[in-house]
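Visitor: Chains as they are written, first to last, in the working numbering: chain A, 1300 to 1396; chain B, 1300 to 1396.
You may find that some hints are simply not true.
Which copy is meant is left open, so a pair is good if it fits within one copy or across any two.
Claimed, not checked - Using 25 Å as the maximum straight-line C-alpha spacing, the simulated DSS-like pairs for lysine-lysine come out as follows: (1) 1332 / 1349; (2) 1382 / 1366; (3) 1378 / 1366; (4) 1364 / 1382; (5) 1383 / 1349; (6) 1389 / 1325; (7) 1366 / 1389; (8) 1378 / 1321; (9) 1383 / 1364; (10) 1378 / 1325; (11) 1389 / 1321; (12) 1349 / 1378; (13) 1383 / 1366; (14) 1328 / 1389.
Please keep in mind that the hints were generated in silico from the structure rather than gathered at the bench.
Number of protein chains: 2
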Amino acid sequence: MIHTEPISQVFYIAVYDITNQKRLPKVLKTFRKYMNWVQNSAFEGELTAKQFQSLKDELLEIINKEKDSIIFYYAEEQKHIGKKILGVEKNEITQFF
Amino acid sequence: MIHTEPISQVFYIAVYDITNQKRLPKVLKTFRKYMNWVQNSAFEGELTAKQFQSLKDELLEIINKEKDSIIFYYAEEQKHIGKKILGVEKNEITQFF
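Given the sequences, and given the hints that come with them, work out the whole structure.
Guide: Here it is, written out as structure tokens:
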């Protein structure tokens, strides 16, 4: 029997401010490969270290580092982050499963 | 001597999607009373339970609950949430202190 370590994932929330309408769809397309869209300007998802590195690398190829801004908040354990919603829940997670 | 319990604060990140240009400035004004603007569509800050309740009450007076969406992510201890930024750091926290 082969025992493998479980691959640890980190829970990420990403918010972005892309100042150019040509770059925006490329950024969205990249995010959607790795994370779930939850709202205008926000994605969330669990990523391995390798996935997060790939996402970052791909985003850095697209964004203008002098003008655009992407913030990743993260927690090693998702249970440490709570979530409350006012108004509509817009996420499209149902489309992913 | 009077011993008082320290007032516990929770660290919040708020992302919002306000679909009407008249409501947006009111929402922003309300957020700014309680939290720090960090990016287009995101605020963060530490709030007591009472402050969070007031913020929610004020926002619910402004937003259209059928159309707008505000998500609060939160952690009891800020150390549980990390933050990484790609591109520009746009926050205006320096204006608040």
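Visitor: Hints first: check each against the structure and report whether it holds.
Guide: Hints versus structure:
1. 1332 / 1349: Within. Shortest intra-copy distance 14 Å satisfies the 25 Å Cα cut-off; inter-copy 39 Å does not.
2. 1382 / 1366: Cα proximity of residue 1382 and residue 1366: across copies only (19 Å, versus 29 Å in one copy).
3. 1378 / 1366: Neither, since 34 Å and 29 Å both go past 25 Å.
4. 1364 / 1382: Classified as between; 17 Å across copies, 30 Å inside a copy.
5. 1383 / 1349: between (29 Å within a copy, 16 Å between copies)
6. 1389 / 1325: Both: 21 Å inside a chain and 21 Å across chains, each within 25 Å.
7. 1366 / 1389: Classified as between; 9 Å across copies, 27 Å inside a copy.
8. 1378 / 1321: For residue 1378 and residue 1321, the Cα distance exceeds 25 Å both inside one copy (37 Å) and across copies (36 Å).
9. 1383 / 1364: between (31 Å within a copy, 14 Å between copies)
10. 1378 / 1325: neither (31 Å within a copy, 32 Å between copies)
11. 1389 / 1321: both (24 Å within a copy, 21 Å between copies)
12. 1349 / 1378: both (22 Å within a copy, 23 Å between copies)
13. 1383 / 1366: between (30 Å within a copy, 16 Å between copies)
14. 1328 / 1389: Classified as both; 18 Å inside a copy, 23 Å across copies.
The structure shown violates the earlier hints numbered 3, 8, 10.
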